[in-house]
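J.: In case you want the letters, here they are:
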Amino acid sequence: MTGKTSTAPEPPLAMLAELTHRCPFSCPYCSNPLDLERRSQELDTAAWREVFDQAAALGVLQVHFSGGEPTVRPDLEELVEHAAGLGLYTNLITAGVLLDEARVGRLAAAGLDHVQLSIQDSDPAESDRIGGYQGGYRRKIEAAAWIRAAGLPLTLNAPVHRQNIEHLEAIIDLAVELDAERIEVAHVQYYGWGLKNRAALMPTRAQLERATEVVEAARARLKGILVFDYVVPDYYAHRPKACMGGWGRQFLNITPSGKVLPCHAAETIPDLEFERVPERDLAEIWENSPAFQRFRGTDWMPELCASCERREIDWGGCRCQALAITGDAAQTDPACGLSPRHADLVALAEAESGREPPAFQYRRMTRPEPAEA
Amino acid sequence: MTALRAIVEDGSLPRLPRHVKLRFDQRRDRWIVLAPERVLMPDEIAVEILKRCDGKTSVSAIVATLAAAYEAPTEEIGKDVAEMLQDLADKGFVEL
Numbered sequence: 001m002t003g004k005t006s007t008a009p010e011p012p013l014a015m016l017a018e019l020t021h022r023c024p025f026s027c028p029y030c031s032n033p034l035d036l037e038r039r040s041q042e043l044d045t046a047a048w049r050e051v052f053d054q055a056a057a058l059g060v061l062q063v064h065f066s067g068g069e070p071t072v073r074p075d076l077e078e079l080v081e082h083a084a085g086l087g088l089y090t091n092l093i094t095a096g097v098l099l100d101e102a103r104v105g106r107l108a109a110a111g112l113d114h115v116q117l118s119i120q121d122s123d124p125a126e127s128d129r130i131g132g133y134q135g136g137y138r139r140k141i142e143a144a145a146w147i148r149a150a151g152l153p154l155t156l157n158a159p160v161h162r163q164n165i166e167h168l169e170a171i172i173d174l175a176v177e178l179d180a181e182r183i184e185v186a187h188v189q190y191y192g193w194g195l196k197n198r199a200a201l202m203p204t205r206a207q208l209e210r211a212t213e214v215v216e217a218a219r220a221r222l223k224g225i226l227v228f229d230y231v232v233p234d235y236y237a238h239r240p241k242a243c244m245g246g247w248g249r250q251f252l253n254i255t256p257s258g259k260v261l262p263c264h265a266a267e268t269i270p271d272l273e274f275e276r277v278p279e280r281d282l283a284e285i286w287e288n289s290p291a292f293q294r295f296r297g298t299d300w301m302p303e304l305c306a307s308c309e310r311r312e313i314d315w316g317g318c319r320c321q322a323l324a325i326t327g328d329a330a331q332t333d334p335a336c337g338l339s340p341r342h343a344d345l346v347a348l349a350e351a352e353s354g355r356e357p358p359a360f361q362y363r364r365m366t367r368p369e370p371a372e373a
Numbered sequence: 001m002t003a004l005r006a007i008v009e010d011g012s013l014p015r016l017p018r019h020v021k022l023r024f025d026q027r028r029d030r031w032i033v034l035a036p037e038r039v040l041m042p043d044e045i046a047v048e049i050l051k052r053c054d055g056k057t058s059v060s061a062i063v064a065t066l067a068a069a070y071e072a073p074t075e076e077i078g079k080d081v082a083e084m085l086q087d088l089a090d091k092g093f094v095e096l
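Chains A and B supply the protein sequences, listed in that same order.
In terms of our numbering, the first sequence opens at residue 1 and continues consecutively.
In terms of our numbering, the second sequence opens at residue 1 and continues consecutively.
Hints in this document: simulated from the structure, not taken from any laboratory.
Treat the hints with care, since some could be wrong.
[As the list claims (entries may be wrong)] Listed next, the stretches of chain B that the computed footprint assigns to chain A, with coverage defined by at least 3 CB atoms under 8 Å from CB atoms of chain A:
id	segment
1	21-27
2	36-46
3	83-92
[Unchecked claim] Label-pair ranges, simulated between beta-carbon atoms:
id	chain 1	residue 1	chain 2	residue 2	range
4	A	281	B	74	46 to 54 Å
5	A	78	B	23	22 to 30 Å
6	A	365	B	56	28 to 36 Å
7	A	288	B	23	21 to 29 Å
8	B	41	A	102	36 to 44 Å
9	B	5	A	229	13 to 21 Å
10	B	73	A	288	48 to 56 Å
[Stated by the list, open to error] Here are the computed lysine-lysine pairs in the DSS-like style, where the Cα-Cα straight-line distance is at most 25 Å:
id	chain 1	residue 1	chain 2	residue 2
11	B	91	B	21
12	B	79	B	91
13	B	91	B	51
14	B	79	A	223
15	A	223	B	21
16	B	56	B	79
17	B	51	B	79
18	B	21	B	51
19	B	91	B	56
20	B	56	B	21
21	B	91	A	223
22	B	91	A	241
Beta carbons: idealized from backbone N, C-alpha and C, even for Gly.
Sequences and hints are given; from them, build the entire structure.
T.: Listed below in C-alpha cells is the structure:
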C-alpha cells in the first residue's frame, strides 16, 4: 500500500456534517452523491451527539451543519447546542426556506455562530427554476432578514454557472442589500449531479473571464463591506485547486448514515471503503483508515506530481476529477496544465459551453441510472 | 444600505465580533482564531493585539503596551498595528 505515513496526521480543521440528504430543492449541481441516502439510514440524535464528542476530542475546530437541507431535522437545535457546548465553531449551511423567525431565534440561542444561505439567482423566477422550488426565492429573502435580526452573521452562497453568470453583479448587490458580510461566488464543480449536468452548466471562457472581472471590481469597490470568496471552475485553469486542502489533511465529511469521507464526492472512487461513526472512533478512521491513507501526503503521487515543486501546494489537485476524466483516481488532476489530459479537458469545456444547453436533470432521490461513459 | 468601510484611527476601540473567537487550542498548543469558514493561526504579535481587542482599549493604548513590551519605537509598532487591524477589519475579523 502506498500513501502510508509513519507519523500520525495533524487533526482536521473542519468537519461537514451532512445531517440528511432530504431537501425541498432539486438543484442540478447538488454536491450530494447521485445515490442519495434515505431517511431510514440517517444517524439519530444520540449518534450525532457522539460523533460531535469524537470530533472535538480529535481536534476538529469547526462543524458545518449541512445536508441535503439540515433544517429538515427537528433535532438541529439540540445538535447545534451540543456542538457549541463542546467548543466547536458552528456553521449552518441552509437553503433557508424551512426556517421561520422563531426557529432562527432558537438556533441563535443554541449557540449557532454563523449562517450560510444559498441563492440560485438574483432573478426570483430564475432562482426558483434553477433550484426546482416554486416560491423559494421569496422565502430565502425573508430568512435572510430573520438571520440578521437574530444577530447572526450571514454569508450568501451563490453557485454560478452559464445559466445565471450574467446576473453576477445583481447577485453581489443582493448580498449587500441583505446585509451579508460575506459572499461565496462559487463556480459549480463537476462531480455527481454537476457532472451529470455539465453541458447545461459549463460557462464559456469569455463568461468566466467576465465573471472574474466582475468579482475583482466588486471586491475592490466593497472592501471592508463585503468579503469575497471566489471559487473558479478549473476546467479553464492552468493549475489545479488544492482539493480539500489535500486529501485527509484538513477536512472530513460525515454522510447522513455516518460514513466518513475525505471529501463529499469520494464515494465515486471505486475500491475505497469508508468506515462509519460512531461505532468506529473518528480519530481511528482519520488516522488509520485505508481510505484516508490512500491519497494522503505525496507518496501516492504519479511521477508528474511527485517531481513537481507545487506538490505540497496543490497536492495533485482533485482525485475525483482525475477519476471522472481519466478513469484513474491516482492520475494528476487534468485541470493541471502539465497533465497530458489537460487539452482534452479544455476541449470538452469549450465544446459543451458552445452548444445549446440541454435540459437540467434535477437532483432526485431515486436510484441513479448506470454511469454514462 | 449605507454600509461604509471602517478605517483604523488612534482612538478606535477595536473588538472581536460575536462570531469571531480567539481561543487557545490545547490540542495544537497554540492560539487560533475561529471565524466563518476560516481558521487563522495568528503569530505571537497578532495574538497580543487580538487579546486587547476588547472594545475598551484604544489603538494608541494597544500600541503603547506593545512598544513597551517589545522595547520598540512607538512609531514603528504603531504602523504595524494599524496595518494589521485594518487588514483584519477589511476581512471582517475585527470591528472598529
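J.: For every hint, state whether the structure bears it out.
T.: Going down the list of hints, with the structure as the test:
1. Check result for the segment 21-27 of chain B against chain A: holds, 4 residues qualifying (beta carbon to beta carbon below 8 Å, three or more required).
2. Only residues whose C-beta sits within less than 8 Å of a C-beta in chain A count toward coverage, and the segment 36-46 of chain B has 3 of them, enough to reach three; the restraint holds.
3. Given as covered by chain A, the segment 83-92 of chain B passes the check, having 4 residues with a CB less than 8 Å from a CB of that chain where 3 are the minimum.
4. Take residue 281 of chain A and residue 74 of chain B: their Cβ atoms lie about 52 Å apart, and the range 46 to 54 Å holds.
5. Restraint check, residue 78 of chain A to residue 23 of chain B: a C-beta distance of roughly 23 Å satisfies the suggested window 22 to 30 Å.
6. Between residue 365 of chain A and residue 56 of chain B, the C-beta spacing of about 53 Å breaks the proposed range 28 to 36 Å.
7. Taking 21 to 29 Å as the suggested C-beta distance range, the pair residue 288 of chain A and residue 23 of chain B conforms, at roughly 28 Å.
8. Take residue 41 of chain B and residue 102 of chain A: their Cβ atoms lie about 38 Å apart, and the range 36 to 44 Å holds.
9. Residue 5 of chain B and residue 229 of chain A have their C-beta atoms about 18 Å apart, which keeps the hinted 13 to 21 Å range intact.
10. Under the hint 48 to 56 Å, the C-beta atoms of residue 73 of chain B and residue 288 of chain A, about 52 Å apart, fit the expected range.
11. Note on residue 91 of chain B and residue 21 of chain B: the hinted pairing holds, with a Cα-Cα distance of about 14 Å set against a maximum of 25 Å.
12. With a C-alpha separation of about 18 Å, the suggested pairing of residue 79 of chain B with residue 91 of chain B holds against the 25 Å cut-off.
13. Taking the CA atoms of residue 91 of chain B and residue 51 of chain B, the gap is about 18 Å. The hint holds against a cut of 25 Å.
14. Taken as a hint, the residue 79 of chain B and residue 223 of chain A pair is honoured in the structure, with Cα atoms around 20 Å apart against an allowance of 25 Å.
15. At roughly 22 Å between alpha-carbon atoms, residue 223 of chain A and residue 21 of chain B fall within 25 Å of each other, so this suggested pair holds.
16. Restraint check: the Cα-Cα separation between residue 56 of chain B and residue 79 of chain B comes to about 20 Å, which is no more than 25 Å; the hinted pair holds.
17. For the suggested pair residue 51 of chain B and residue 79 of chain B, the alpha carbons sit about 18 Å apart, so the restraint of at most 25 Å is met.
18. Among the hinted pairs, residue 21 of chain B with residue 51 of chain B is consistent with the structure: their alpha-carbon atoms are about 10 Å apart, no more than 25 Å.
19. In summary, the hint linking residue 91 of chain B to residue 56 of chain B is supported, as the alpha carbons are separated by about 21 Å, within the 25 Å threshold.
20. A C-alpha spacing of about 17 Å is found between residue 56 of chain B and residue 21 of chain B, which places the hinted pair at or below 25 Å, so the restraint holds.
21. Under the criterion of a C-alpha separation no larger than 25 Å, the hint pairing residue 91 of chain B with residue 223 of chain A is consistent with the structure, at around 8 Å.
22. A distance of roughly 22 Å separates the Cα atoms of residue 91 of chain B and residue 241 of chain A; the hinted pair therefore holds under the 25 Å criterion.
Of the numbered hints listed earlier, the single one contradicted by the structure is hint 6.
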